[in-house]
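*Asks:* With the hints as your guide, set chain W onto chain U.
Chains as they are written, first to last, in numbering that gives the first Met the number 0: chain U, 0 to 99; chain W, 0 to 619.
A portion of the hints provided could be inaccurate.
[To be verified] In silico negatives: residues of chain W with every beta carbon more than 12 Å from chain U:
no., residue
1, T59
2, T190
3, D435
[What the hints assert, rightly or not] Which residues of chain W face chain U? A few of them, derived with a C-beta cut under 8 Å, are:
no., residue
4, V594
5, G596
6, R597
7, S599
8, I602
9, S604
10, I606
Worth flagging that the hints you see were computed from the coordinates, not collected in a lab. Bear in mind that the values here come from a model prediction, so they are computed numbers and not experimental data. Just so it is clear, CB atoms sit at the ideal spot from N, CA and C, and this is done for glycine as well.
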Amino acid sequence: MVPFSHILILAGITFALGVVCVAVRRNILMILIGVEIMLNAAGLAFVAGSMRWGMPEGQIFVLFLMAMAASEVSVGLALVVYLHKRKRSVDVDDFSDMKG
Amino acid sequence: MDHPVTYILLLPLIGAFINAVAGWKMPRRAVETIACASVGGSFIAACMALAGMDGAASVTLYDWLSFGGFSAPAGFYLDALSVTMAVMVSGVSFIIHLYSVGYMREDKGYARYFMLLNLFVFSMLNLVLASNLTLLFVGWEGVGFCSYALIGFWYTVPGYATAGRKAFIVTRIGDVAFGVAIIWLFYLAGTTDIPAINALASSRIPAATATFIGLLLLSGAAGKSAQLPLTVWLPDAMAGPTPVSALIHAATMVTAGVYLLMRLFPVVSLSATALSVIAVVGCVTSFYAATAALAQHDLKKVLAYSTISQIGYMFMGVGAGAVSSSLFHLFVHAFFKALLFMGAGCIIQALDEEHDIHKMGGLMIRMPLVFLCFLSGALALAAAPGTAGFFSKDEILTATLSNGSALYVVLWAMGELTAFITALYIFRVVFLVFRDEPKASPKRLPRIMVYSLVPLAMLALVGGLINAPANWGGTERLSAYLEWGGVAPALKFSRQWLVQGVSASVSVCGIAMAYYMYVYNPAWRKKAAARLSGIAGFLSAAWYLDALYNKVVVGTYVMVSGFLWKKVDGLVIDRSLDGTAAGIAGAGTGLRSAVTGRASTYIMSVIIGAAAMLAYFAWS
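Next up, chain U with everything else stripped away, as it sits in the complex (with noise of 0.2 Å):
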């Protein structure tokens, strides 16, 4: 049995990862990429908890975080395939239109 400390410093890890990929990285794919990393991170945070007081809602809330991931992924790709139509980029910082 994995301790719960366990499974919590892992997921915290896995979050900050997703943290550093979204924030340093320019490339959207590797951002979108990083956001899928930080909800997968809280995913298995909500698993561990369901385990640890034996509840079933955090099994239900990843159920419905994997499926907002898809969607939102889905959502995300298509926006990059438009934006890349535009410039011929999938650099963010190309995207500064709305500089004040």
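*Replies:* Here is chain W on its own, set in the frame of chain U:
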């Protein structure tokens, strides 16, 4: 709806409506016919109401205002006072409408003119006949509006529109007091119905309150009737067309204040103090205005001050408790003052809009009919023995003397002095305009203008017979009729011969002195005038009352508004708003650098913010 009162009121309103809506499309003759016919019909209906009267009657046309414990129906109260007044108003209005047809023959704004004139007649009759104070107030403000619009009728002439505004604002001051009085009476009596208030007055109104209400009503009346201290608007109101001066600013609207005091006489008379104040205000005003009339150069201004002065007599009559005498003088004054104004209008138009009496002269032979009519008006105003003005003024003076107390004796003496000045100033005008050497030759006038003077001249000369006193073999029919109609009976006069003797000699002396100064020995007058030029200036500026108001009231107002505009609005409000706007703009410029447009910066700030929030929650 088949009561005559419906037609009295409705006909002028319909006339005004038609001329307002379609007047600008209709030919001049049609507009004139509609206006004159509607007022003529109204006059006939008023005569029918007078003939068919058997005691006071209330007529309710429809429910106008009604909520909670308050109700003010569109109801009309016909008693001896209101019906005789309605007959006078509609009759004089009809004659002046006819005169206007001639006077306004070349004016382009005839539809607007006749529409306002008809609307005025409607409002005035509404004021006269209304059975409750709420409806009376509607008429009261209606005539005020028409007066404003007609004073400024030639609004393109500089100063004329200002004169209209001045009249409107000054009378508004009195109207505030009148409004307070209405609300107070409603509070005390629980109704604004005039007969009910008069019936309840003695039981519901405490003595101290009665004085206040009396004074509030006096203030309202003083505003409308141009009594001191609110006289200043009437001389300026002469900017309007002359028939308007004759109708509104001599015969009808300005007497509305006196009428109000008569209508609510049971309330006013509860307080002896209020009555004395009314008498004093009337007496002082009449003296003041008569002296001011003495030195005017503008023919219409003389008549304007004369109107103020004569209304002062009416106030004095009410203050002495002689309502019927006062109403008698109101009628007679309406006849002779409308006549004098219409005569003045004839002269002014015949001399190409010349207003200065020193530039007229010798018109006796060139305009004989106008001269005769003007002379009969002047005789009535000067209260020459036997004319209508003699009887009516004499009744007021007798009533004042008979009142008994020392104050009223002083007022009587002042009234006689004023009567002397009155005779002097009006015959000064007569001699200067009609006797002096001719200075210009008059144009021909349309016949309708000149002939419409004749009926009024007859009334000014012999109209006094309706109320001639008993010691002249008269029957005092008007007084008897009003007494039968429930108006407080006139005092039984004592020493009537004495008063009549004094009045008659005073009037004759005044005329004689005017003759001496302006015809017999003008050189003496010119010498005296040169020595007294200071006094003449003082009188011709009407004791500098207008200048005083300009300085104190208008000056203060302009100063305060200038302060509010430049300091409060300009410095405080504008600056604080400008400062806020500049601050926000500066903050925007400063914060602009935070908006990089780079997604990574935003993501970093989201992460840092989330981390800070987490740290905060973990901490607490």
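*Asks:* Does each hint fit the structure? Answer for all of them.
*Replies:* Okay, the hints, checked on the actual structure:
1. No beta-carbon of chain U comes within 12 Å of the beta-carbon of T59 of chain W; the shortest separation is about 73 Å.
2. For T190 of chain W, the requirement that its beta carbon stay farther than 12 Å from each beta carbon of chain U is met, with the minimum near 70 Å.
3. Against the 12 Å criterion, D435 of chain W stays outside the reach of chain U, whose nearest CB is about 87 Å from its own CB.
4. Restraint check, V594 of chain W versus chain U: the minimum CB separation of about 3 Å is within 8 Å; hint holds.
5. Evaluation of the G596 of chain W hint against chain U yields a held restraint, the C-beta minimum of about 3 Å falling below 8 Å.
6. Given hint, R597 of chain W at the interface with chain U, holds; its Cβ is 5 Å from that chain's nearest Cβ, closer than 8 Å.
7. The restraint placing S599 of chain W at the interface with chain U holds, with a minimum CB-CB distance near 6 Å, inside the 8 Å limit.
8. Below 8 Å, beta-carbon pairs count as interface contacts, and I602 of chain W has one with chain U at about 6 Å; its hint therefore holds.
9. Given the 8 Å rule on beta carbons, the hint for S604 of chain W is violated: about 10 Å separates it from the nearest Cβ of chain U.
10. Restraint check, I606 of chain W versus chain U: the minimum CB separation of about 6 Å is within 8 Å; hint holds.
Of the numbered hints stated above, the single one contradicted by the structure is hint 9.
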